[in-house]
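> In the order they appear, the protein sequences are chains A and B. To convert, note that position 28 of the first sequence is 27 in numbering that gives the first Met the number 0; the numbers rise steadily by one, no gaps. To convert, note that position 80 of the second sequence is 79 in numbering that gives the first Met the number 0; the numbers rise steadily by one, no gaps.
In short, the hints are calculated from the structure, not lab data. Take every hint as true, because none was put in to throw you off.
Derived list of chain A stretches under chain B, where covered just means 3 residues or more per stretch with a C-beta under 8 angstroms from a C-beta of chain B:
no. : segment
1   : 9-16
2   : 78-91
3   : 125-137
4   : 180-188
5   : 276-287
Every residue, glycine too, gets a C-beta built ideally from N, C-alpha and C.
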Amino acid sequence: MRDNHKNAYLFLLPYILLFTLFIIVPVLMAIFLSFTNFNTIETPEFVGFLNYINLLTQDEIFMQYVLPNTVLFAVIVGPGGYVLSFLLAWVLAQLPKLPRTIFALIFYSPSMTAGIAMAVVWRVIFSGNQSGYFNNLLMQVGLITEPIIWLQDTRFILPIMIVVALWSSMGVGFLAMISGVLNVDETLYEAGAIDGIKNRFQELIYITIPSMKPQMLFGAVMAIVGTFSAGAIGVQLTGANPTPGYAGQLMVNHVEDYGFIRFEMGYAAALSVVLLLIIYLFAYIAKKLFSEEA
Amino acid sequence: MALRNSGVNPRGFHRSQLKFYIFLIPFAVFMALPIIFIFNHAFKPLDELYAFPPRFFVVNPTFENFRNLYQLAESSGIPLSRYLFNSIFVTVIVVFLSIALSTLAGYALSKKRFVGKKALLEINNTALMFVPIAVMIPRFLTISFIGVEDSYFAHILPLIAMPVGLFLIKQFIDQVPDSLIEAAVIDGASDLKIYWRVILPLIRPAIATAAILAFQLVWNDLETSTLYTTSENMRTLAFFMNTLAAQTNVVVGQGMAAVASLIMFVPNLILFIILQSKVMNTMAHSGLK
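Sequences and hints are given; from them, build the entire structure.
Structure follows, in structure tokens:
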């Protein structure tokens, strides 16, 4: 085991190389570019905090639509999807293996479709004329008399995005939580029963959740990532960036709008940095909640 | 707790489980409907796609939409097989390399002692929350800086390093007893041999899981085609799908779009069904402290 050290680094090298090139460097570059004015052709020009100042004071679209949309979307899809996936995971663990596997497969399937493939289908379902599936259903039930143009109507874009994102939010974190619930030491429940735990709910709060904190944290991180990765969904559903009336505009779309449509890379980079900070903040809160040391 | 038909992971059915089924079934229906819908929509003949009132289930299934999709791609100059080939090629290479690199790194991070190990683990754990789409611009600049845009490298290189894959594999290697490795060292096995003969065979479930995750990521990826390639024949099926989505206003397009969704979705589904028990096994060690 003499040249252990050297081997360890050799084994790590290829991964670290690509990790650095496509994860670390882009993040650092985003931070650097966010302090510049850069149009992709001329050399970046240093402008200090100007992009951030503009973001806070000049960008009305950001303040009026993008930020509130992102917060609303993230708060409902993130914690909402998370609580839902934990609840479903817990309920599934109370079933025998076969039904559990079948249900888990049904819940997990949507997350495999990863937005793009399904955007098409949602557009058919929410099609704006009377032969659209959702319109037709509502008209038959008598809830509406005129078809609604769901995906162009500023009132409905964001709610539809949230439903679609929640639909596809039972991903890896959900699977982790199922096995988390299943692997809780059974003697703990017996001990709990002796200590006066009366019902399933108390069991859940005092035994299940505390003994699966690591899985809860992993699930939380996955939920956060999933939520912010799903950001492109509004553009996919409505077929336009910016989305109609900015009603479904999230930060990811705003970055794309400034970066690849207006070519204001410096400003777009500042937006990216803010987005990364928001993600980090969410993860930090999750860590505080579920960290074992806490 | 005496009755093993209630409580966590029961062996059989018990009346007390009914309430759980009542809770789960509406969710399952909501989750499954859109997926059942693509399966039906893909096989609908033209008159059923047009039908008013619209029908959810297909009555006379046909392969018409599959043929139309094939012809559409054919007439646009780039045959469907080209997109399919690009997707399969890129996916296979990325999955393979991603597993190779993550297992090598995972072995070193789990079983070796060296300077900077703790920091590396910490960095990788932080990178679990990395959202590539947030830094699409710097990634685009990196790609053009190293000069691989519009090539297969542009599809492959950015996706290989997968923090989640490494994390799950490393957690799984942690379960391999050190005594096994010590025994192999005494027998004179080199590190590479230990990796190949001891570690890899023992961590198959984690490899399967990382493979599935990598597959889903690459197969569905749109970023590399949209941003890092410029010529149409370098693009993947996911990209073609997405352009097709823009045409769904046309009723004929709907059927084709559903077929395309199906083609995108089914490989994921099959792979997951085959490997699901291994995935669940790996997830038992997914805890993040």
